[in-house]
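Construct the complete structure from the given sequences, taking the supplied hints into account.
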Amino acid sequence: QTRETANNTKNEQEARWAEHFQEVLNRPPPEEEADIQDASADLDINTDPPGKEEIVTAIRFLKNRKAPGYDNLNAELFKADPDLAATILQPLFRTIWERKQVPDDWNKGIIVKIPKKGALSDCNNCRGITLLSVPSKILAKVIIQRISDAVDKLLRNEQAGFRRGRGCIDQIFALRNIIEQCTEWQRQLYINFVDFEKAFDSIHRDSLWRILRAYGIPDQIVELIKSFYTNFSCSVGNSDVRFEVKTGVRQGCVMSALLFNLVIDWVMRRTTEDGARGIRWTLFSSLEDLDFADDLALLSHTHQHMQEKTNHLNTFARQVGLKISQRKTEVMTLNVDSPAPVKVDGEELPTTKSFTYLGSIVRQDGGAGNDIQSRLNKARTVFMTLNNVWRSSQYSVHTKLRIYQSCVLSALLYGSECWRMTEGDLNKLSTFHTTSLRKILRIFWPRKISNHDLLQRCKQEDMDTIITRRRWRWIGHVMRKDCTSISKTALHWTPEGKRKRGRPKNTWR
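So the sequence shown is numbered by the UniProt record's numbering: it starts at 1 and just counts up by one.
Treat the hints loosely; a few may be bogus.
[To be verified] With a Cα cut of at most 35 Å, we get these calculated DSBU-like pairs of lysine-lysine:
no., residue 1, residue 2
1, Lys-400, Lys-378
2, Lys-481, Lys-353
3, Lys-198, Lys-10
4, Lys-153, Lys-328
5, Lys-63, Lys-113
6, Lys-113, Lys-378
7, Lys-117, Lys-328
8, Lys-79, Lys-400
9, Lys-448, Lys-400
10, Lys-52, Lys-63
11, Lys-353, Lys-323
I should point out that these hints are in silico values taken from the structure, not numbers from a laboratory. All values reported here derive from a predicted model rather than from experimental measurement.
Laid out in structure tokens, this is it:
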């Protein structure tokens, strides 16, 4: 009877998890469909069946030690002999290419629950990761290799997410510099940090297929991509309860990032097509927004322009299944006395003096003090988590220092290329650095050693040198970019305005 009760409880839990993820992964359709027209001509993309070399290249891109999908085939099986695997897969891929239909096992995903913060009894405190068939990932990689270069040229310059040669630091620097310069030159600025509800899981798929055609992707490729989504279903763990997934892009698929970028690109083009409501950026252009995938920061000099832009974004986003989260979307203003609220569907959006943008805290006055303190707290947490490593006698000092550099310093110095530091900020960082090295070397009172000797013994640089080196390395990366790059323009951008009397505040420059 106890075993029967346990089985009943397990079945109830599986049913509840399936119900939860079915609700999360199946969003309501848009009330108004988007007006999306096909492109006048297709892009120059190869539509022939995959060659052996393409398949070998795709196999080598697979990551090791990843869980297999429904067919229980892992990546190491194919990477053991890529040439042999490609020879076996090529006839299958040719058949799929001609029939525009993938095997049924490829359309079955397994959801693994990853706990987040909060009580585990609440389903919302678990994130779902979908395991997909490895052969399907290989074919998806072949497709994405063919279309990515052609599509990337069409995307807006404001989008930096999932694109080669662009990253979070570029967008963080551009935003910090805009805030600093608008503060220095007393220029009004409105920033709307937009957050979408379940963005990747909410995309309306019929709209997605039409957007692909609107960007000139050949019909053969579009039909192949659609076959990956036809009758796609998931189960939670090893449960027999399966449910169909009808909205969003597939989790864990290499094509999903580019497909999502195309949707956001279409939405933002429609949002900004009928007038310059952004900030004056160059002599002939304005900067409307800064994007990293679904993390949008809308920019305007006036409340009217910001409200109009937000309304347009809300309208066109809804047409493709996206919904702005009124709770998480926040507005920041600079040099505005008694700012009027920005609204979405009649509801006022909350205002803020600081916002965590792409993992970095951006403050209203452009300072980096809050972000530096947050980074210190995160680095301390990582250091304490690895306390058993620092105390262990099984690891050499060299190994411990390598772990310290890769885990602790990377957490501490994220975004340091953009920091406007004071002497006090640098002292805090230096104190943490030297204190951590003393603990790794097991140097405690009453033993004494100067910081200079400590750094020499560890073969480490002081914090000022580390940050300066990272900053110059990043500047070199920016200077090698095209002249139209936003981060490169931000290095010397200055708004129209007038400085206050007296000594200007210190800025990143």
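Going down the list of hints, with the structure as the test:
Distance check on the hinted pair: Lys-400 and Lys-378 sit about 19 Å apart at the alpha-carbon level, within 35 Å; holds. Among the hinted pairs, Lys-481 with Lys-353 is consistent with the structure: their alpha-carbon atoms are about 32 Å apart, no more than 35 Å. Note on Lys-198 and Lys-10: the hinted pairing holds, with a Cα-Cα distance of about 28 Å set against a maximum of 35 Å. Of the supplied pair hints, the one linking Lys-153 and Lys-328 holds, its CA atoms being roughly 32 Å apart against a limit of 35 Å.
Distance check on the hinted pair: Lys-63 and Lys-113 sit about 21 Å apart at the alpha-carbon level, within 35 Å; holds. Taking the CA atoms of Lys-113 and Lys-378, the gap is about 25 Å. The hint holds against a cut of 35 Å. At roughly 17 Å between alpha-carbon atoms, Lys-117 and Lys-328 fall within 35 Å of each other, so this suggested pair holds. Proposed proximity of Lys-79 and Lys-400 is supported: the alpha carbons are some 32 Å apart, at most 35 Å.
Among the hinted pairs, Lys-448 with Lys-400 is consistent with the structure: their alpha-carbon atoms are about 21 Å apart, no more than 35 Å. A C-alpha spacing of about 20 Å is found between Lys-52 and Lys-63, which places the hinted pair at or below 35 Å, so the restraint holds. Note on Lys-353 and Lys-323: the hinted pairing holds, with a Cα-Cα distance of about 24 Å set against a maximum of 35 Å.
In summary, the structure agrees with every hint in the numbered list given earlier.
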